[in-house]
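Visitor: Sequence:
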Amino acid sequence: MTLRSKFIVTAAVLYLTMGVLAWQLLAYNQVLFVAAEVLIVISLVLTVQLYTSFVRPLNLIAAGVESIRDRDFSIKFMETGQKEVDQLISVYNQMIDELRQQRVTQTEKHFLLERLIEASPSGIILLDTYDRVAGLNPAAAQLLQTSGKDVVGKPLGELPGHWGNSLEKLPKDEQRVIRPNGIQTYRCRKIRFLDRGYHRYFILVEELTQELLEKERNAYEKLIRMMSHEINNSIGAVNSILHSFSYFSPQLDADTKLDFDEALQVCITRNQNLAGFMANFANVVRIPVPVKQPVNLHELLHSIHRLMGPSFEQKQVAWQWELDQEAPQVAVDVQQMEQVLINVIKNALEATDTGGWVKVKTSASPPTLLIQDNGQAITPKVQEKLFSPFFSTKANGQGIGLTMVREILLQHGFRFSLQTKEDGFTTFAIELAEA
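Residue numbers (full-length UniProt numbering): 1 to 435.
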């Protein structure tokens, strides 16, 4: 029973009792009966007024509680002229003003934070208390190459591609740099925050590819230009001196002359080889801006096949085709793209044993080129360094081939990767641009 109901029941019982007693006075003294009735009426009026004053604050409290429960902070009450009630109303109105202001401020901050997260170029993956994906922004969805609905609720280890393994091992409150395919570089941080009293984490993924590539390029360009300048100057002077020595050859006897000529030729040849060695490095930093033109990708691949076919036959490695029915028209610099294909297919051939195969696959929509082989797999340790400047796993390799491939494809604006898939096949993938 509510307090209001108790008050009404008590008043009703009291006035009923007073009415019965007053009725008893009617038989003894009519004047006293009238006086009692007047007093009862007066007290009833006072009781109603007291009830109204008593119930009004309760009504205000009930209405205030209801508006707060409904999160409606726009309702305020007018003063009634009663001191006690007005004090209650003043406190309530002040509280409502503060709640409304706090909600407006919180909503604005939340909206701003959402907009910042949505517009952030860095990938943000929000985790729940069990380290499952609770949400991600568009940049993270693009990195994962999936939609948010496909990964929400999944553990980190079940994220697509290399991300599952990399992010699952990420230490809390620490950062780590990962290079999943040897070219893209990401800095990942797992950061803790407090949400409604519970500790949760989010993962921030920042791409450092362009920044690091630019720094690498500037560093090795400066070094190569300096080395090329110094070595070429020295070689030119030394070769000039060696050629001058050759004029003394006729003055020597026959036995000495033969050894003298051979020694001079060895020195001159070695200098020429050294000059060629430096020229190969210099060519990497002299790659011109690509002049793109529409090219039939299949025709370009067939021309490379005619060029490299004898090498495949000599090593007894099969060249396999899996071409799209529709030949993709792509925008490339033909000479530079030929250089890329020759280097990539040559590497695939060298990695494949006799009896193996190299498969060339194309897709028209979107234009994509895959060069697969069943040769030696790429280890995770090598994977991270594949496209590092002048890195090579060959005994006498200079690491120029893949460095040049990297620079040409980056100047074209193509996405590319080189890795050994779960099926054991090594794949060089290039996402081309449609002409």
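Errors might be hidden in some of the hints.
[Said to hold, decoys possible] Dumping the calculated DSSO-like pairs for lysine-lysine here, alpha-carbon to alpha-carbon at most 27 Å:
no. : residue 1 : residue 2
1   : K315      : K169
2   : K154      : K169
3   : K149      : K169
4   : K315      : K190
5   : K83       : K6
6   : K381      : K359
7   : K361      : K172
8   : K385      : K421
9   : K169      : K385
10  : K169      : K421
11  : K109      : K149
12  : K381      : K172
13  : K215      : K154
14  : K315      : K215
15  : K292      : K361
Treat the hints as calculated values from the structure; they're not laboratory data.
All of these numbers come straight from a predicted model, not from anything done at the bench.
Visitor: Please go over all the hints and tell whether each is borne out by the structure.
Guide: Verification of the hints:
| no. | hint | in the structure |
| --- | --- | --- |
| 1 | K315 / K169 | violated (42 Å) |
| 2 | K154 / K169 | holds (15 Å) |
| 3 | K149 / K169 | holds (23 Å) |
| 4 | K315 / K190 | violated (49 Å) |
| 5 | K83 / K6 | holds (25 Å) |
| 6 | K381 / K359 | holds (25 Å) |
| 7 | K361 / K172 | violated (41 Å) |
| 8 | K385 / K421 | holds (17 Å) |
| 9 | K169 / K385 | holds (20 Å) |
| 10 | K169 / K421 | holds (20 Å) |
| 11 | K109 / K149 | holds (25 Å) |
| 12 | K381 / K172 | holds (24 Å) |
| 13 | K215 / K154 | violated (37 Å) |
| 14 | K315 / K215 | violated (40 Å) |
| 15 | K292 / K361 | holds (22 Å) |
Hints 1, 4, 7, 13 and 14 from the list above are not met by this structure, while the remaining hints are.
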